[in-house]
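**Student:** Using the sequences plus the hints, can you model the full thing?
If you're matching them up, the sequences are chains A and B in order.
Going by this note's numbering, the first sequence opens with residue 5, and the numbers climb by one from there.
Going by this note's numbering, the second sequence opens with residue 7, and the numbers climb by one from there.
Take the hints with a grain of salt, since some may be wrong.
To be verified - Pairs of lysine to aspartate or glutamate residues, derived as EDC-like cross-links and limited to a Cα-Cα distance of at most 20 angstroms, are as follows:
1. LYS83(B) / ASP152(B)
2. LYS60(A) / ASP112(B)
3. LYS60(A) / GLU99(B)
4. LYS61(A) / GLU99(B)
5. LYS77(B) / GLU157(B)
6. LYS61(A) / GLU68(B)
7. LYS61(A) / GLU157(B)
8. LYS79(B) / GLU157(B)
9. LYS77(B) / ASP155(B)
10. LYS77(B) / ASP152(B)
11. LYS61(A) / ASP39(B)
12. LYS83(B) / GLU157(B)
13. LYS67(A) / GLU15(B)
Unchecked claim - So these bits of chain B aren't anywhere near chain A, every CB distance computed over 12 angstroms:
14. LEU16
15. GLY25
16. ARG41
17. ALA90
18. LYS103
19. LEU108
20. GLU109
21. ASN113
22. TYR116
23. THR123
24. VAL132
25. PHE142
26. GLU157
27. HIS164
28. LEU171
By construction, these hints were calculated from the structure, which means they are not laboratory data.
Beta carbons are placed, not taken as given, at the ideal position from N, Cα and C, and that holds for glycine.
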Amino acid sequence: MKNTQQVTLFILIGLTLLTAGAANLFADKTAFLPLIIMGIAAIKFLLVAFQFMELKKAHRFWKILTTVVGVSLAFLIGILA
Amino acid sequence: MLWIIIFLELGTFGLGLVGLAYYGTLTPALFHDARLHLNTLLGTINTLVLLISGYTMASAVEAFRSGSNTKAKGLMKITLIGGALFLALKSYEYYEKLGSGLEMWDNMFYTFYWLLTGFHLVHVVVGMVILAYMSFKINAVKSPTDALDLESGAAFWHMCDLIWLLLFPSLYLIF
Chain A
5 MKNTQQVTLF
15 ILIGLTLLTA
25 GAANLFADKT
35 AFLPLIIMGI
45 AAIKFLLVAF
55 QFMELKKAHR
65 FWKILTTVVG
75 VSLAFLIGIL
85 A
Chain B
7 MLWIIIFLEL
17 GTFGLGLVGL
27 AYYGTLTPAL
37 FHDARLHLNT
47 LLGTINTLVL
57 LISGYTMASA
67 VEAFRSGSNT
77 KAKGLMKITL
87 IGGALFLALK
97 SYEYYEKLGS
107 GLEMWDNMFY
117 TFYWLLTGFH
127 LVHVVVGMVI
137 LAYMSFKINA
147 VKSPTDALDL
157 ESGAAFWHMC
167 DLIWLLLFPS
177 LYLIF
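**Tutor:** Okay, structure coming up:
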């Protein structure tokens, strides 16, 4: 459990640095960048919800609702931007 | 009940973020220029601070469940230091923005920036008050903190994380 949370933290840190770097390096080079960045944000959202917030122990209803809300919000923002 | 509150909060911030993205499509050049005035480095550091404090809070809950109250209290204090660091960096960022004359009514981007980050900051402060109270009561003889209290406080703290994980890229990275 402890090990899983540590691995999750390292993945989250890595993804944060990756998106911050990519946003500055490739800002004007690809139209899909906002969608990619928001896709990674959705992955981070789910990692925090399931691993740190212990959503994995919650009722299936909350698991599905959190996943749908987090992913749809990130997708919608990524598409609009 | 807590999950309902969390979803109401997520919904409120979600609507704000969709509004930000929608207005971004109407004036893309303005949003791009405004975004370039934000300090991405500070935003990234704040994201890392919140992620690490989320990890220490999750570890505090685990320590409390295994009966190690002292360890849990120590980890909660580290979480609170993370929260204080977030507040300090955010205050510096606000000071920088106000110094540059970038206020709420300058343009639509900054209206969203001040409203969304300000509302989030209030949540971080509330989360810190909850965690400080629980950390204080963790070893109390009368009405001590129980596992459900701690899990609820931790869930509120993680909710601040979740909101920031969508706020940070929306404001600092994608426009």
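**Student:** All hints are to be evaluated individually against the structure, with a verdict given for each.
**Tutor:** Consistency of the hints with the structure:
1. LYS83(B) / ASP152(B): holds (17 angstroms)
2. LYS60(A) / ASP112(B): With Cα atoms ~43 angstroms apart, LYS60(A) and ASP112(B) exceed 20 angstroms; violated.
3. LYS60(A) / GLU99(B): violated (35 angstroms)
4. LYS61(A) / GLU99(B): Between LYS61(A) and GLU99(B) the Cα gap is close to 37 angstroms, so the pair fails against 20 angstroms, i.e. violated.
5. LYS77(B) / GLU157(B): holds (16 angstroms)
6. LYS61(A) / GLU68(B): holds (13 angstroms)
7. LYS61(A) / GLU157(B): Distance ~12 angstroms between LYS61(A) and GLU157(B) Cα, so the pair holds.
8. LYS79(B) / GLU157(B): Holds - the C-alpha atoms of GLU157(B) and LYS79(B) are around 14 angstroms apart, at most 20 angstroms.
9. LYS77(B) / ASP155(B): Distance of about 17 angstroms is within 20 angstroms: holds.
10. LYS77(B) / ASP152(B): holds (15 angstroms)
11. LYS61(A) / ASP39(B): violated (43 angstroms)
12. LYS83(B) / GLU157(B): holds (16 angstroms)
13. LYS67(A) / GLU15(B): Distance ~16 angstroms between LYS67(A) and GLU15(B) Cα, so the pair holds.
14. LEU16: At roughly 6 angstroms from the nearest Cβ of chain A, LEU16(B) sits no farther out than 12 angstroms, so the non-interface label is violated.
15. GLY25: At about 10 angstroms from chain A, GLY25(B) fails to clear the 12 angstroms cut-off, so the statement is violated.
16. ARG41: Given a closest Cβ separation of 9 angstroms, the condition is violated.
17. ALA90: Holds, because the least Cβ-Cβ distance between ALA90(B) and chain A comes to about 19 angstroms, which exceeds 12 angstroms.
18. LYS103: holds (19 angstroms)
19. LEU108: Correct as stated: the minimum Cβ-Cβ distance to chain A is 20 angstroms, above 12 angstroms.
20. GLU109: Holds, since 23 angstroms exceeds 12 angstroms.
21. ASN113: holds (16 angstroms)
22. TYR116: holds (17 angstroms)
23. THR123: holds (16 angstroms)
24. VAL132: holds (17 angstroms)
25. PHE142: Nearest chain A Cβ is 23 angstroms from PHE142(B), so the label holds.
26. GLU157: Answer for GLU157(B): violated, closest chain A Cβ roughly 7 angstroms.
27. HIS164: Not fine: 4 angstroms to the nearest Cβ puts HIS164(B) too close to chain A.
28. LEU171: violated (5 angstroms)
Going through the hint list in order, the structure does not satisfy hints 2, 3, 4, 11, 14, 15, 16, 26, 27 and 28.
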